[in-house]
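Spelled out, the chains give:
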Amino acid sequence: MRQVDLFDDYLNGLLSGEEKTNFENELKNNEIINKAFQEHKQLLEVLQTQNKRKQLKDKLKAIHHTEYGHNTKIFSINQEETFAKRHGKTIAVAASTAFIAVLTTVALLSTGGYLFTKQNNQITNLNRIVMDLKASQDGIVEGITRPKRTVYAPAKIEGSAFALNNQGYVITSYHMVKDADSVFIQNKDFERSLTRVILSNPKLDIAILKVENTELIKNWQVPFSIKEKNSDVGEKVFTLGYPREDMVYGEGSLSSLSGYANDSSMYQISIPVNPGNSGGPLLDEYGNIIGVVRGKISGAEATGFAVKASEIISTISNAPDSTQKEVTLLKNKKNALKHLKRTEQIKKINPYVFNVLVYK
Amino acid sequence: MSKRSVQFTDNQFIDGLRSGDNEVLTALYKKYYNIVLKLIVNNSGSQEAAQDIYQETIIVLYENANKTGFELKCQLQTYIYSVAKRLWLKQLKKGGKTFLFKEEEENEVADVTEEITEHEGKENEIEQMNKSLLELGEPCATLIKDFYVYKLNMEEIAEKFGYTNANNAKTQKYKCLQRLKKHFFDHTTIEQE
Numbered sequence: 001m002r003q004v005d006l007f008d009d010y011l012n013g014l015l016s017g018e019e020k021t022n023f024e025n026e027l028k029n030n031e032i033i034n035k036a037f038q039e040h041k042q043l044l045e046v047l048q049t050q051n052k053r054k055q056l057k058d059k060l061k062a063i064h065h066t067e068y069g070h071n072t073k074i075f076s077i078n079q080e081e082t083f084a085k086r087h088g089k090t091i092a093v094a095a096s097t098a099f100i101a102v103l104t105t106v107a108l109l110s111t112g113g114y115l116f117t118k119q120n121n122q123i124t125n126l127n128r129i130v131m132d133l134k135a136s137q138d139g140i141v142e143g144i145t146r147p148k149r150t151v152y153a154p155a156k157i158e159g160s161a162f163a164l165n166n167q168g169y170v171i172t173s174y175h176m177v178k179d180a181d182s183v184f185i186q187n188k189d190f191e192r193s194l195t196r197v198i199l200s201n202p203k204l205d206i207a208i209l210k211v212e213n214t215e216l217i218k219n220w221q222v223p224f225s226i227k228e229k230n231s232d233v234g235e236k237v238f239t240l241g242y243p244r245e246d247m248v249y250g251e252g253s254l255s256s257l258s259g260y261a262n263d264s265s266m267y268q269i270s271i272p273v274n275p276g277n278s279g280g281p282l283l284d285e286y287g288n289i290i291g292v293v294r295g296k297i298s299g300a301e302a303t304g305f306a307v308k309a310s311e312i313i314s315t316i317s318n319a320p321d322s323t324q325k326e327v328t329l330l331k332n333k334k335n336a337l338k339h340l341k342r343t344e345q346i347k348k349i350n351p352y353v354f355n356v357l358v359y360k
Numbered sequence: 001m002s003k004r005s006v007q008f009t010d011n012q013f014i015d016g017l018r019s020g021d022n023e024v025l026t027a028l029y030k031k032y033y034n035i036v037l038k039l040i041v042n043n044s045g046s047q048e049a050a051q052d053i054y055q056e057t058i059i060v061l062y063e064n065a066n067k068t069g070f071e072l073k074c075q076l077q078t079y080i081y082s083v084a085k086r087l088w089l090k091q092l093k094k095g096g097k098t099f100l101f102k103e104e105e106e107n108e109v110a111d112v113t114e115e116i117t118e119h120e121g122k123e124n125e126i127e128q129m130n131k132s133l134l135e136l137g138e139p140c141a142t143l144i145k146d147f148y149v150y151k152l153n154m155e156e157i158a159e160k161f162g163y164t165n166a167n168n169a170k171t172q173k174y175k176c177l178q179r180l181k182k183h184f185f186d187h188t189t190i191e192q193e
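Just so you know, the protein sequences line up as chains X and Y, in that order. If you count the first sequence from 1, position 349 lands on 349 in our numbering, and the numbers rise without skipping. If you count the second sequence from 1, position 135 lands on 135 in our numbering, and the numbers rise without skipping.
Please keep in mind that the hints were generated in silico from the structure rather than gathered at the bench. Heads up, some of the hints might be wrong.
[To be verified] With a Cα cut of at most 25 Å, we get these calculated DSS-like pairs of lysine-lysine: (1) X/Lys54 / X/Lys41; (2) X/Lys35 / Y/Lys181; (3) Y/Lys67 / X/Lys59.
Build the full structure now, drawing on both the sequences and the hints.
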């Protein structure tokens, strides 16, 4: 038994009468052990005090919010969002300025893209870098009028993601989570949760995340599965994603079996995709996952690209064994969405498509 | 201000704090907020600063109320005012500003030096802990907190972090803890020197 375990058992009252007496005698007689024990105790006390103070502080902030929130414009912020705490007052102003900047950028992106189509026919990654500031501004306004709601600092980048299985694994675009400090997912039914990047493939631009808190995914029943076989040109397809705070649906058809620069790992689709769509699912009309939205060509507004589902499968099967064992994909299972109307399909799929918030 | 205002005595407030009664906590918060707000705003603080200091003050009161043998030696209002004043003075000093402190004469002041010293000491330790946990990184920081603060058992930790069994999780926790101790105590000694 390690010394630390003995300390823990003693502190948790798990030692038997005799063990306890022996240990207490040792504390009295052995100065080295006694010092180690005191340090251990001190460390745990600090951890516990830290937690207690934070909990009480949060409670008090909530009380303040409820009682005085309407006239003081102070909003509660979580510990990790110290940025918002420091700059809270300026965010709303900054956000509106930024929103104007976004409008300009978006306009530039389309006209600029058009002007330089030939020279610069590159894929535009579709994360929302500045767009979300508008959303966060709304968030703040809501936070002021609606007490008790936690207002978070704006994420650096936002995009989309969707569930791969019932074990809390989700897939998104690699370019969003690259070099991230922390990555959260959320949607209307799913509270903002921290995830961990467990696998990434920069070449295909996909990353697999895992929801850290297993409690939250207990009731997951992912309705769709991944189609292994490639789809055909002309098939009706649709996307779901978070180009803004609310989920947005897009439909069109599969226009090509290769993507930008004849890349055979991608499909081309005739669905206009927008910043924030990156990482969202591409589904066929039966509700099967056939790809992950990746980006579009600058200037080509009604064209998008998606990484093929078969590439996701091969990425996972090329991963280290331990990861492979973890990420069991729902493949070609009986499709519960097949005979449903589109609106019904979307209702079932919605809870498993997420808004990704990335902090760098 | 409230729909129905229940009057609590000082001792009822203390008891309510101890038992974690939210109604009492809310009533307490509302009762003395304006006194502290006035104190801070009159002494070059913002509303936000007042809110922050006031919440710190209640934390001091809460932690002391939960000590065995705690007894309020003055009026609760005096206690809260005194703690808030000391906390605010400290913050002003940290900002390097010195000026005449304005206060209304009707406010009595009690000696809360012991409380303030202890609170500051713990606050420093917590800051040190936050730094150490940051250096420790993930998954260690979360693992340590899950075990020691949220009291998850090793089976739960193994499942959450993907260790094959509870024993492996325990070994991992041990390694994390050793590293945390090194970060935490090494810094503390340096600071004391």
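- prompt: Which earlier hints turn out false for this structure, listed by number in ascending order?
  reply: none
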